[in-house]
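Q: Protein chains in written order, with the numbering used here: chain A, 15 to 126; chain B, 2 to 116.
If you're looking for bench data, these hints aren't it; they were derived computationally from the structure.
Glycine is no exception: its CB is placed at the ideal position from the N, C-alpha and C atoms.
You may find that some hints are simply not true.
What the hints assert, rightly or not - Which residues of chain A face chain B? A few of them, derived with a C-beta cut under 7 angstroms, are: (1) SER63; (2) PHE79; (3) GLY110; (4) LYS113; (5) THR118.
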Amino acid sequence: DQQVKQNSPSLSVQEGRISILNCDYTNSMFDYFLWYKKYPAEGPTFLISISSIKDKNEDGRFTVFLNKSAKHLSLHIVPSQPGDSAVYFCAASEIGNEKLTFGTGTRLTIIP
Amino acid sequence: KAGVTQTPRYLIKTRGQQVTLSCSPISGHRSVSWYQQTPGQGLQFLFEYFSETQRNKGNFPGRFSGRQFSNSRSEMNVSTLELGDSALYLCASSIAGAGRLYGYTFGSGTRLTVV
Chain A
15 DQQVKQNSPS LSVQEGRISI LNCDYTNSMF DYFLWYKKYP AEGPTFLISI SSIKDKNEDG
75 RFTVFLNKSA KHLSLHIVPS QPGDSAVYFC AASEIGNEKL TFGTGTRLTI IP
Chain B
2 KAGVTQTPRY LIKTRGQQVT LSCSPISGHR SVSWYQQTPG QGLQFLFEYF SETQRNKGNF
62 PGRFSGRQFS NSRSEMNVST LELGDSALYL CASSIAGAGR LYGYTFGSGT RLTVV
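When you get a sec, could you build the whole thing from the sequences and use the hints?
A: Structural data, given as structure tokens:
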């Protein structure tokens, strides 16, 4: 039972343009959502999080949008840079629980 | 400040053996979680420790166990290794209760290969 889904295994974007990564979830008990970036042979690196009481959170080039009614969140990266090429994971946690449930990841490739 | 340190980085074991992996969290972080990453299953939660107590456990068999010491360092143990246990094992630490907002910091992982 995949509670967090990233339906696009890969995405290619031109340098300087906007990258949009999508994530869907099914568990209504999730109240925090996080995005991580991962390079090969390294652990995931935290990018940004959002609480379920918000619909948007920004940090520099990264913005996360949450649509609770659709159980959908997205990560926008503007402008995209070559160093953004990595696998991106969305993750979610339930109220009062430190456990993260991860999606399967989307490989983002930024084309120079 | 030092990050999350996992040792060893690579490990090769034989089926039926047991293995112990180590994780030193960031200084001041008292919550330590373990995850297994495989190509087929992705990142799966194993367990989480806080103040030497296991607070959460994922859906893994009893062969997978862990513990946390008073200095917050953690170890996980896998007994009677199976080929399917080959994976990247990741440790993550956070200030208690703040990981969901400020993110968990992951180590680089231990790559376990079972032959």
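Q: Look at each hint and say if it fits the structure.
A: Quick rundown of the hints versus the structure:
1. SER63: With a minimum Cβ separation of about 6 angstroms from chain B (threshold 7 angstroms), the hint on SER63(A) holds.
2. PHE79: Since the shortest Cβ distance to chain B is 17 angstroms, the answer is violated.
3. GLY110: 9 angstroms, violated
4. LYS113: 5 angstroms, holds
5. THR118: 5 angstroms, holds
Violated hints, listed in ascending order, are 2 and 3; each of the other numbered hints is respected by the structure.
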